[in-house]
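Visitor: Okay, here's what each chain looks like letter by letter:
Protein chains: 2
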Amino acid sequence: MKSEPHLQAVCGKSVGECLRIIEQFHGWRAPGLLLGMYMVDWALELIGEGVEADAIVETRHCLPDAVQLFTPCTVGNGWLKIIDWDCFAVTLYDRRELSGFRVHLDLGKTEALCPDLFNWFMRRVPKRSLPLEVLEKAILGVGRSVLTAESVVMTDAYKRIKKSGTAVCPSCGESFGADRPRLCPSCRGEGYCSPLEPQSASGAA
Amino acid sequence: MKSEPHLQAVCGKSVGECLRIIEQFHGWRAPGLLLGMYMVDWALELIGEGVEADAIVETRHCLPDAVQLFTPCTVGNGWLKIIDWDCFAVTLYDRRELSGFRVHLDLGKTEALCPDLFNWFMRRVPKRSLPLEVLEKAILGVGRSVLTAESVVMTDAYKRIKKSGTAVCPSCGESFGADRPRLCPSCRGEGYCSPLEPQSASGAA
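Chains A and B supply the protein sequences, listed in that same order. When you line the first sequence up against the numbering used here, it's residues 1400 to 1604, in that order. When you line the second sequence up against the numbering used here, it's residues 1400 to 1604, in that order.
Looking at chain A on its own, in the form it has when it is part of the complex (with noise of 0.2 Å):
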């Protein structure tokens, strides 16, 4: 006998805290984040406690919030990895044994197990036809059932990237990176923006 979704257990907690951790952090509770939390669930389960884990992501949508927040990885303390393919799949390895487990969305089971979230995913039907409860019931269904896992041994990437030397502009007096040409990237003209005023630090402490 199956139980309720929303009273099992995942990541160490209950489905309704999951929902209020992720919708705190990402602003809304997005298929693909509910779809991760699952994906981590599997991935933690499999690797097993006591293991000190790095996490490598294949999309920059949605993923990496669901191991920042259900896993000790983050992106600035540089335990996980983000690789922008546009692949739903999450890597979580040991980095001293470089062995791990993958997860990925897996077509197949998702097309004949959860129609509503094979054609939202391979947006196959307008987002209005799918109203988020819809899928969020449907999601929180399946659960791992539409998911593959496969153990991995790492072959590339699961270096820490470490900082590299700090430098200084002679141009502007900022720091950068010292593995880079003489002038900071905002010097060279690779800036995102232009600057108009300084601001005054009146609430200084």
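Simulated from the structure, these hints should not be mistaken for laboratory data. A quick note: this is a predicted structure, and the numbers were derived from the prediction, not measured. All C-beta atoms, glycine included, are put in the ideal place defined by N, C-alpha and C. No false leads were mixed into what you were given.
For each label pair, taking beta carbons as the anchor points, the in silico distance ranges come out as: (1) A/Lys1562 with B/Glu1535: 13 to 21 Å; (2) A/Gly1447 with B/Pro1569: 30 to 38 Å; (3) B/Leu1531 with A/Val1533: 45 to 53 Å; (4) A/Arg1523 with B/Leu1531: 48 to 56 Å; (5) A/Gly1447 with B/Ile1560: 31 to 39 Å.
Sample of chain A residues at the chain B side, in silico, Cβ under 8 Å: (6) Cys1461; (7) Pro1471; (8) Ile1481; (9) Leu1506; (10) Ser1550; (11) Asp1555; (12) Val1567.
Below, simulated BS3-like cross-link-like pairs (lysine-lysine); rule was C-alpha separation at most 30 Å, straight line: (13) B/Lys1562 with A/Lys1561; (14) A/Lys1562 with B/Lys1558; (15) B/Lys1558 with A/Lys1561; (16) A/Lys1536 with B/Lys1562; (17) B/Lys1536 with B/Lys1508; (18) B/Lys1562 with A/Lys1508; (19) B/Lys1561 with A/Lys1558; (20) B/Lys1526 with A/Lys1562; (21) A/Lys1562 with B/Lys1508; (22) B/Lys1562 with A/Lys1558; (23) B/Lys1526 with A/Lys1558; (24) B/Lys1412 with A/Lys1412.
With the hints as your guide, set chain B onto chain A.
Guide: For chain B alone, kept in the frame of chain A given last:
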């Protein structure tokens, strides 16, 4: 009269609460993230309430987590972009007006006001000679007075990155970004891991 730094509000919370949030998400109270907390705090104050701001950080180290924790912008929701320059700067901008505020660590102010912080940031002293407690106390003491903020107009990188169309790899059957060649990156030999064996979804919902 200065108030005690730990009693001041930062990013709408007490410093103590911010430190707890940082430790819980990032794993430890990294000095770069404490600086980031003050940078985001200032940028938020300058841009004002009621503005839907997107964010750009100019390093992948520490600073992305400050933005993700203290603004609605995350990597996964697409409101935060990371430019990998190893510049210690963050910009919050109004995505309609394309104007905003860039805050960076000012090396001149840092050297003058907080030599320990300057020496740590420029790696002029071995890590063991500057314990984290010393750095933390130093950063909480100087707050935003070691930063410089300027108003800016956006000239590039301000557009949201939309998800590409979804293709299905004819070799492995997985989805990937449709703006790429026919095979998915893994099947083209660009993968980062080799599969060993599939796992059964014993705990499936």
